Amino acid sequence: MEENKDIRFTPKDFKSDQEVRWCPGCGDHAVLSEIQKALSELGIPKEKYVFISGIGCSSRLPYYMNTYGFHGIHGRAAAIATGVKTVRPDLSVWVMTGDGDSLAIGGNHFIHAVRRNIDINLVLFNNEIYGLTKGQYSPTSGRGHVTKTSPFGTLEEPFSVGELVIGARGKFFARTIDNNVSLSTEIFTRAAKHKGTSVVEVLQNCVIFNDGVHDVFAGRDVKEDRTITLRHGEPMIFGKDRMSGLILEGLKLKVVRIGENGITEKDILIHDAHEPNPGIHYFLANMRYPEYPVALGVIREVEGDSYETAVHAQIEKIQSGSNIKCMTDLLNSGTVWDVD
Amino acid sequence: MGKKPQIVEKDEVVIRFSGDSGDGMQLTGTLFSDTAALYGNDLATFPDYPAEIRAPQGTVGGVSGFTIHLGHYDVSTPGDYADVLVAMNPAAIKANVAWIKEGCTIIYDKDNFTEKNIQKAGYISDPIAEEKLEDYNIIAAPITSMVKEALKDFGLDQKSVFRTKNMFALGMVYWMFDRKLTYTEDYCDTKFKNKPEIAQANKIALRAGYYYAETIEALTPVRINPANIAKGRYRNINGNTATAWGFLAAAENAGLRLYIGSYPITPATGILEELAARKDLGVISFQAEDEIAGICSAIGASFAGYLAVTTTSGPGLALKSEAIGLAVMAELPLVIVDVQRGGPSTGLPTKTEQSDLFQALYGRNGECPVVVMAAISSSDCFRMAFEAARIAVEHMTPVLLLTDGYLANGSEPWKIPDMESLPSINPPYPQPDHGEYIPYRRNEKRLNRYWAVPGTPGLEHRIGGLEKTIRGTVSYVPENHEYMVKMRDEKVKKVSEKVPDIEVFGDAEGDLLLTGWGGTYGHLLTAVRELRAEGYRISLAGFNYINPLPANTAEVFGKFRKIAVCELNLGQFADYLRMKLQEFRYHQLNKVQGLPFTVKEIKEFCIKLLEEK
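Protein chains in written order, with our numbering: chain A, 1 to 340; chain B, 341 to 953.
Isolated chain A (complex conformation):
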C-alpha cells in the first residue's frame, strides 16, 4: 500500500465499539494493540483496511477493529482474503488466523495463498493448542504433548510455520512474541509494506490451555540468551552480553561465543533477508532451543510479483488488444447468421 504522510491516526481510532472477550492474560490482547499501533502509523485511510479471519480465538480479532471486517468459517480466511484482494488491490487486507485454522483445516489455502504471493498480511497466532474448543493438540504442538485428545502424548511431528512458508515458495516470513510490543509493531509495519504474502508468526501464549508454552526460550529472564532478533544487514549477535553469535560451519549454522576459539565479530554472519535463495532463511526459521536460539524478526523478505497485480495487468493487456469491448460485441462475434 502507498503511504500517505498526511494520514495520521492514533491506535484508539482503530478500536471498535465491541467489548474484547479474550481471557484475561491472553496474549491476543497484546497483539491487538500492537496491530492497532502499527496501523495508526501506516498512513493508509481507515476504510481501506479489511480484516478477515477464520475460526478460533485469534479469529475474533476483526470484531475489535474499527475497520471493514469479515469473520469467516474455519480455515478459509486466506481463501476469502484472496477474493477480496484479487478484485480490490487498493485494499490493505489482513488475515487473522491461528495454528489450527491455518495449518490444519486451512492448510491448503495457507500454502496456496503463499505460493501465489497475493499481497495479504497473514498474522498466525501460534499457541500450539486449540483454545476455543478448550484444549486439544494442534498441528504445531510438540511431539508428546499431553492434551485432552492426546492424553498419553501426541504421536505427530509438528509443522514449523517458517518451513511451510519457504516450502510454499514464500517471500516474507517473520516471527515475533506476543508481548514484545516494539518488535511486533515493527514487524507488522514491515509486513504491511511488503508487496506479496507476508506471514507473521506470533508466538502467543494461551493462558488457560497451554500456559507458558514458549517460556522456555521466551520467558522474561531467558529470552535474551535464548532468542535472536534478526535485522537485515546486521550481524547475527544475541545474548544478554551480546557476545553470542551465529556462524556457518559446513552446511549448518553454529552458535559461537565472540572472543572464544579465535572468533571475532567479523566471523559472525550478517543477516540478509533479501537473499532470494532460501537456504539460510530455512535454517534460521527452523532453529530450536536448546541447540539454537529461536529466531525472531523478519527472517525472509524477498521482492516478487504479487498475484493481484499480475491479474489486473493481464486483463489490461488483453483489453487493449481486443475488439470485444462489451456484451453486444461478444454476442455478435464468431459464427452468427441472420434469419430474414
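Simulated from the structure, these hints should not be mistaken for lab results.
Just to be clear, a hint being listed does not mean it is correct.
Said to hold, decoys possible - Below, computed lysine to aspartate or glutamate pairings styled on EDC-like, alpha-carbon distance capped at 16 Å:
hint : chain 1 : residue 1 : chain 2 : residue 2
1    : A       : Lys15     : B       : Glu800
2    : B       : Lys755    : A       : Asp340
3    : A       : Lys240    : A       : Asp225
4    : B       : Lys619    : A       : Glu316
Here the structure is a predicted model, which means the values were calculated and not measured.
With the hints as your guide, set chain B onto chain A.
Chain B in isolation, oriented as in the chain A frame:
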C-alpha cells in the same frame, strides 16, 4: 458437382457421428451442425464423451459420439434414435446399436473393421450380422484406404493422413443431406492457417467423401428445408457458454465487474474456461486450490463489491455447503452453479442426472434458505444465469442455479438477445438518507440488507458466520436468533416477486398435466406436442423456479385431472411438491441411467396414465 438423383424431402433427421475418441467426432458433428444452422434448420445437438480420458483404442469405453437432430420445424431435443449412424470402428456399432432407428443408414469405415478391432468391440467376426443389421441401409465405405489414395501425392505422414478420415465421412454426410461444403472449407483454412498443407489435405478428404457418396449410388439424398424460425440474428450456443455469458450480461447491466472462483470439475469446467477467456470484458477468473476456496474467494469478491459466482458439479456442491451457509449468514450476493451429473459420490461424471435437487434445497446445516432455480434448455442457461445474478444482487442472497450435463454440453441455435431488452440490475447500496450504516438494516419491502463495499469511508462494519444483531454485534440472545432466522427465510420468500407465473404449454385444463424442472423440458415438450397432435388432452408445465415456486402453481395444477412429475432421479421434485402443495396427487416418471428421457418413454408413460381410471 455432378447431377443429383431425386431428392427426398423430410421433416427431420437424427444423425449420429461415432468413433474412437481420437477420431475427431466432436469436431465433425460441430461442423455439420454449424452448416445446418447456417442453412436455416432448427437443431439440437448432444455430444457423448467417453468417461475415460483415453480408453484403449477401439474399445466401447473409448467411443465418442455426437448427435445432431435437425428439422424444418421446432426441434427441442437431440433426438432419441438415429436415422444415420456414422461408425468409424466396430466399437461405435456396439455403443450405438440401441440408439438407432430400425432400417436406418449406417456408414462405416470398412478398413477399420479388422479382426482385431472387431474382437476388441466384443464381436466375433461380423458386427453387422451379429447385430442382425443386414437389412439396414449399410454403406461399407473403405474410408481409410480412400483418404490414403486421395492424399498419396501429398507427402504427409500416415498419422496426418488418417486424421482426415472424419472429413471424408463428413463429406459423405454432406452429400447425403444436400449441403454445401463452403463453411467447412473456410473452417479448415482458418484453423490451419499456418499449415496450409493440412488445410488442403482436409479439404481434399472432404471432397473425396462427397464425391464418393455420389458415385456409389447407394444413398438417397435427403433435404430438410429451412425451419420457419423467428427473424433475427442467431448463433449456436451450448449450456456452459450460455451460463457464462448470462453472468457477463448481468454484470454489464448491473455496472459491476464479474468474478468467478471455481475448481475444475466435469461437466461444469466449461463455464470457468469460457470466463477465463473473457479478460477482454474484465472478468477476474480464479482457479482455486479446491472447491471450498472457489466459493470462499467468491464470497470475498462479493464482500468487496464484485458480482461473484462459483461453478461446480454435485460432489463440488457438497464441498461448498458450509460456505453457502456463510453467504446466507453474511447476506451477500452470490451465484452457485451446479451442473448436475450422475451421483452419488464420483458417480457418473460425464453423464446427466437431476439428483442434486435436495442437496441444492436442503444440503446445509441450520435453517439455511437459498433461491433455487434451473435452466430448461442449453440457450435458456443464458436467461437463467442472468436472472440468478439479478436476484442475488437485488435481494442480497445466494442463488443456486441448477443445470446439468445434458444442457451444458448440448447446443442449439439461439437468437442473440438485444442487451437493451434485458432488465437493468440495481445493487442495493446504502443511500445517504439512510443515516448511520447498520449492517443488517433491511429494505422494508424486499428485506434485503444493504451492500456497503470496503473502501467506502464511514461504512466500516463487520459481518460473518456467527449470529448477529442487526448492528452486526455477535449475539446469543434466543429471541434475536429466531428473529434473524425468520428474516433470512422471509427474504428468500420475497423473491417470489421476481418469479414469473408458470406458463402452460397446451390448454389450461385437461386430463393430464406433465410437469418437470430443468433440462428435461425439451423431451417433455416434444412428447406433449406429439400426444396433443394425436388428440390427447395433455399439457406441460416446465419449472424454472423451484424455491420459491411460481405463485400460480396451485392454480395451474388444480385445472387438471392428473398431474405427473417427470425427472431424472427417484422423485425429488415430486416429493418437494408433495410437501409444498399437499392438496394434489402426483404421479411420477423417473429415470436414473445417466441419460436423458426419450420422447418414446415419456409418451408411453403418459398414454398408460391416461388410460388408467
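Against the structure, the hints:
1. Note on Lys15(A) and Glu800(B): the hinted pairing holds, with a Cα-Cα distance of about 12 Å set against a maximum of 16 Å.
2. Taking the CA atoms of Lys755(B) and Asp340(A), the gap is near 12 Å; set against the 16 Å cutoff, the hint holds.
3. Restraint check for Lys240(A) and Asp225(A): satisfied, since their Cα atoms lie roughly 6 Å apart, inside the 16 Å limit.
4. A C-alpha spacing of about 8 Å is found between Lys619(B) and Glu316(A), which places the hinted pair at or below 16 Å, so the restraint holds.
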